[in-house]
Amino acid sequence: MKKWEFALIGSALLALAASPAQAQSWAAGWFSPPFAPTAVRPATTPPIFSNQTTRRIVRIETSGDAIRLRLTNELGITPVQVADVHVAKVDSKGRIVPGSDRQVTFDGRKEAWIPVRSPMLSDPVAMPVEALQHIAISVYYADATMPAAHHANLMVAPGNQTSSVTMVSSTQERGPGLTSEIDVERPESAPVIVTFGDSITEGARSTPDADMSWPQQLAQRIHKDPERRYWSVVNSGMSGNRLLHQGFGEPALARFDRDVLAIPGITHIVLLEGINDIGWWNKPESHVDADMVIGAYKQIVARAHAHGVKVIGATMLPYKGAVYYTPEGEQMRETVNKFIRTSGLFDGVIDFEKATRDPSDPQRIRPAFDPDDHLHENDTGYGAMADAVPLSLFK
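First residue of the sequence shown: 1, per the working numbering; consecutive thereafter.
Rather than coming from a laboratory, the hints here were simulated on the basis of the structure. It is possible that some hints are incorrect.
Said to hold, decoys possible - DSS-like mimics (lysine-lysine), calculated; alpha carbons at most 30 Å apart, straight line: (1) K395 / K298; (2) K310 / K283; (3) K354 / K310; (4) K298 / K224; (5) K320 / K298.
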């Protein structure tokens with residue numbers, strides 16, 4: 001080979017090295033942490049579906065060329081049998097877009113059998129999506145099946161109506177939504193921000209099904225910039241969750257690997273957790289102190305950094321007037337918040353306390369943000385939290 005040929009090959013290799021590859025990659029576009037089976041109807045404990053279709057509408061938080069579903073039985077006590085699954089786009093009025101329905105398959109088959117304590121990934125579905133796009137997930141259970149999943153607002157109808165634009169004889173119920181994650185195949189890399197916490201992160205007391213939790217309002221703010229269309233903000237909030245003790249789900253330290261670190265594409269965590277630990281500090285089975293809460297934070301940061309993931313610490317909101325408020329708990333909250341701000345443990349800090357406190361009584365949230373439980377936020381308060389997040393933290 002002549003010298004000029006070597007030179008041409010070398011130049012080509014250098015050009016390839018200098019230009020980042022635009023390879024497709026999967027990233028989470030929506031998430032909902034799994035729950036163990038719990039009651040949804042008085043007649044069945046836990047809920048059992050038989051010859052019924054459930055439909056749930058969710059919002060995708062990033063753009064891409066295809067999607068895939070992750071079905072959960074990770075906290076199940078029996079195998080889950082699924083007979084048919086469809087996805088479809090939903091318009092701004094919550095209606096199925098005609099012609100958008102797609103069959104979801106699992107290794108080429110429409111049925112899925114999910115073992116106990118296991119998830120199940122679907123095959124890719126050729127459905128391009130845009131950030132903030134709503135889709136409907138319809139699941140048909142032919143035989144009696146007991147799903148173990150996060151409870152959500154579902155439409156439930158008799159028979160297999162997974163491909164129906166409008167399900168006949170449907171009712172709205174609160175029940176387990178079998179899908180725990182929707183991944184999106186993106187053409188380029190971008191931040192995947194996992195918001196990890198309790199009911200304040202999940203969006204309790206916001207307007208139901210209106211995308212008004214603080215993570216969802218943060219995503220709306222992010223996607224006002226077209227350059228951030230591939231960013232994703234996914235919500236791993238769980239009502240009643242605590243760092244160290246069992247709440248309405250597994251403790252944060254127990255669910256962290258599955259509900260945070262395993263999320264595809266994760267780059268950042270926003271950690272807002274601990275108020276339930278502090279609120280129930282004086283229960284015999286739930287004792288904590290400020291050092292224990294701080295110790296849990298250190299564990300989360302160490303485990304995240306081992307995977308190359310950054311952790312943004314968020315200060316806990318005021319809670320004076322809440323059902324479990326105590327002066328001792330308030331002292332703990334203030335001690336922990338000072339640690340969050342000043343310790344240097346975190347890769348960044350968001351001061352949610354400052355954004356939500358009442359200037360005339362800093363131990364309370366602003367009256368304009370309070371849905372009357374003195375703990376959570378209303379839509380306006382969650383908007384203030386979203387506005388308090390410096391986007392520079394995620395560069």
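> Does the alpha-carbon distance linking K395 and K298 stay inside the 30 Å limit?
Replying inline: Holds, at roughly 23 Å.
>> Checking one constraint from the list: CA of K310 to CA of K283, max 30 Å. Satisfied?
In response: violated (33 Å)
> Given the hinted pair K320 and K298, is their alpha-carbon gap at most 30 Å?
Replying inline: holds (27 Å)
> Within 30 Å, alpha carbon to alpha carbon, are K298 and K224?
Replying inline: Roughly 34 Å between the alpha carbons, so the hint for K298 and K224 is violated.
> Under the criterion that the straight-line Cα-Cα distance not exceed 30 Å, is the pair K354, K310 satisfied?
Replying inline: Holds, at about 22 Å.
Of the numbered hints listed earlier, those contradicted by the structure are 2 and 4.
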